[in-house]
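Novice: Each chain is listed here by its residues.
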Amino acid sequence: MQTILKSKSTRWALRDVLLLAFVAVFIGFIFWVLGPVYNILSAALTPMGLEPFANNLLLGGWMMAAPLASILIKQAGAGVLGEVFAAAVEMLLGGQWGVATLLSGLVQGVGSEAGFAILGYKNWRWQAIFASAVTGTIVTFVWSLFRDGYTSYSFGLLVALFITRFISLLFFGGVLVVAIQKLIEKAGVLRRD
Amino acid sequence: MNPLMKFAIVMVIALELTFIKSVTINLIIIGVSAFLYLFLKLSWKQWLWLFILPLLPGFGSWFSLMYFGTGDHVHMAWVMLTRVFAYLWLGGLFTLKLTEERDVFLATLEQKAKLSATFVYALVGVLNFMPAVNQQIKTIRVASQMRGQTLHIWQAQLYFKAILSAIRWSQNLAEGMVSHGFTEGAPRTHLQVVSIAKRDWLILIIILIAFQLLLIPNWY
Chain A
1 MQTILKSKST
11 RWALRDVLLL
21 AFVAVFIGFI
31 FWVLGPVYNI
41 LSAALTPMGL
51 EPFANNLLLG
61 GWMMAAPLAS
71 ILIKQAGAGV
81 LGEVFAAAVE
91 MLLGGQWGVA
101 TLLSGLVQGV
111 GSEAGFAILG
121 YKNWRWQAIF
131 ASAVTGTIVT
141 FVWSLFRDGY
151 TSYSFGLLVA
161 LFITRFISLL
171 FFGGVLVVAI
181 QKLIEKAGVL
191 RRD
Chain B
1 MNPLMKFAIV
11 MVIALELTFI
21 KSVTINLIII
31 GVSAFLYLFL
41 KLSWKQWLWL
51 FILPLLPGFG
61 SWFSLMYFGT
71 GDHVHMAWVM
81 LTRVFAYLWL
91 GGLFTLKLTE
101 ERDVFLATLE
111 QKAKLSATFV
121 YALVGVLNFM
131 PAVNQQIKTI
141 RVASQMRGQT
151 LHIWQAQLYF
161 KAILSAIRWS
171 QNLAEGMVSH
181 GFTEGAPRTH
191 LQVVSIAKRD
201 WLILIIILIA
211 FQLLLIPNWY
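For the protein sequence lines, the chains are A and B, in the order given.
Quick note on this note's numbering: the first sequence kicks off at 1 and runs consecutively.
Quick note on this note's numbering: the second sequence kicks off at 1 and runs consecutively.
Just chain A, same shape as in the assembly (with noise of 0.2 Å):
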C-alpha cells in the first residue's frame, strides 16, 4: 500500500485512472447482468444447503477486474484500484451485502494482486496472471473463514468449497484473462511507452 501513496500523485496519469475506472464499471455491470442467474442456481441450491457452492462458483467472475487492471495499467496498486472500484459499483447498484462488498472488493483486490507482487511487478504475462489466481483463492478464502463463517463448517465442505473457487479463478481470472490479453495483443489497442 506504501507504494500506492508515494505514487499517487507522479505515476498514476490521468487516462490510467480513467481507464482502471471504466473496466472496472464495465467489469461491475457485466456481472450484474449475470445476478438474476446466479439468484436463480443459488436458490435452487439454498434448500439443500449447498448456496455457498454457488457463490464459490462465480467469485472468479466478481474478482476480473483485477487482474484485468493490473495488465492493462501495469503498475502496483492498479488490481486493488480495480477490484474496489468494481466493488463500489456493485454496492452502487444495490448489491446484496450492502457495505460488506467494499471491504470484501478490497480483500479480493489485495489477494490478487499480491500474485503479480510475488513477481516483483514485472511479470504481466500468464504466470503472474495465474500466480494472481492462486494468491486470490488463498486470500479471499481465508477472509471468508471470518465473513462467511466457513470456520464453522466441516472439513470436508470447506475441502470442497476451496477447490470450486480455485477452478473458478482459474477460469476467469486465469484462463479468460489470458485469453482477453492475446485479444488486445492481436489488436495492438494498448501500445503505450
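Just to be clear, a hint being listed does not mean it is correct.
Here are the simulated BS3-like cross-link-like pairs (lysine-lysine), alpha carbons at most 30 Å apart as the crow flies [as the list claims (entries may be wrong)]:
| # | chain 1 | residue 1 | chain 2 | residue 2 |
| --- | --- | --- | --- | --- |
| 1 | B | K138 | A | K186 |
| 2 | B | K45 | B | K97 |
| 3 | A | K74 | B | K138 |
| 4 | B | K6 | B | K97 |
| 5 | B | K97 | B | K114 |
| 6 | B | K198 | B | K41 |
| 7 | A | K182 | B | K138 |
| 8 | B | K198 | B | K97 |
| 9 | B | K41 | B | K112 |
| 10 | B | K97 | B | K41 |
| 11 | B | K97 | B | K112 |
| 12 | A | K74 | B | K114 |
It is worth saying that the hints were derived from the structure and are not from the lab.
None of these values were measured; they are calculated from a predicted model.
Here the structure of chain A is known, so what remains is to put chain B in place on it, guided by the hints.
Specialist: For chain B alone, kept in the frame of chain A given last:
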C-alpha cells in the same frame, strides 16, 4: 452529517461485524438502522429492497450451516442470517442517501481526505457514464447477435469488446477533461468549500466508543 463521516462510521462497524459472532449485536445494528430510516423517509420500494435483498444470501448461509456445520454451527447459522441483514441495513444508511449527497461526498474526499484530484474527478466522470456503460454492454451483445453469435459471460470476446470501449472512452474523457481546464497535479481552488462540523466528529467518536462498549458483555 457529512457523508464521509457517515461512511467512516459505517465502514468501521461493518469491519468489526465481520469478526463478531453475535446475533444480538447484529440485531441491535439492524434495530438502530431501522430507527434511523424512520427519519430518512424511505420510499416503499426501498423498504422492500431492504427486506428482500438479504433473504437469499442470508438463508443460503443459514441452510448450509445448519446442514454441514460443526461445533456451534446452529449459533453461527443465526449469526450469518442476521449479519447479512446488518451489513445491508447499515450500508443503506450511507448508500440510500448517496445520490443526493454524492457531490458533497466527493468534495470532502478531495478537500478533507486529500485524495488526489485526478482520482476524484475521474470518479465523477465515470460515475456519470454508468448508464452509458449499461447501454454499451447491451449494444455489444446485440451487435454480435446480429451476426448470429451470442456472447456469453465465459467468452473472452465479450470482455475484449468491453475493454475496447473502456480504452476509447477513457481517452476521450481524459481529453475532454483536459480541454475543459483540468490540469493533473495542479493546485485547485474550490467554489464550494467543504467543512466538517465539530459536531460530526463528536458524533463519530461517541458512536464508535458506544459500539465498543456494547461489545463488552458476552452476548448470544
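Novice: Evaluate each hint against the coordinates.
Specialist: Hint-by-hint comparison with the structure:
1. Between K138 of chain B and K186 of chain A, the direct Cα distance comes to roughly 25 Å. Compliance with the 30 Å bound is thereby established for this hinted pair.
2. Taking the CA atoms of K45 of chain B and K97 of chain B, the gap is about 14 Å. The hint holds against a cut of 30 Å.
3. With a C-alpha separation of about 29 Å, the suggested pairing of K74 of chain A with K138 of chain B holds against the 30 Å cut-off.
4. In summary, the hint linking K6 of chain B to K97 of chain B is supported, as the alpha carbons are separated by about 11 Å, within the 30 Å threshold.
5. Between the alpha carbons of K97 of chain B and K114 of chain B the distance comes to roughly 23 Å, so the proposed pair stays at or under 30 Å and holds.
6. Between K198 of chain B and K41 of chain B the CA atoms are separated by roughly 26 Å; this keeps the pair inside 30 Å, and the hint holds.
7. Restraint check: the Cα-Cα separation between K182 of chain A and K138 of chain B comes to about 24 Å, which is no more than 30 Å; the hinted pair holds.
8. A hinted pair counts as satisfied when its Cα atoms are at most 30 Å apart, and K198 of chain B with K97 of chain B qualifies at roughly 22 Å.
9. With a CA separation close to 29 Å, the supplied pair K41 of chain B and K112 of chain B stays within the 30 Å bound.
10. For the hint linking K97 of chain B to K41 of chain B, the alpha-carbon distance of about 10 Å falls within 30 Å, and the restraint holds.
11. Using a Cα cut-off of 30 Å, the hinted pair K97 of chain B and K112 of chain B holds, with the two alpha carbons roughly 20 Å apart.
12. At most 30 Å may separate the alpha-carbon atoms for a hinted pair to count; K74 of chain A and K114 of chain B meet this at roughly 25 Å.
Violation of the numbered hints given earlier is absent; every hint is satisfied by the structure.
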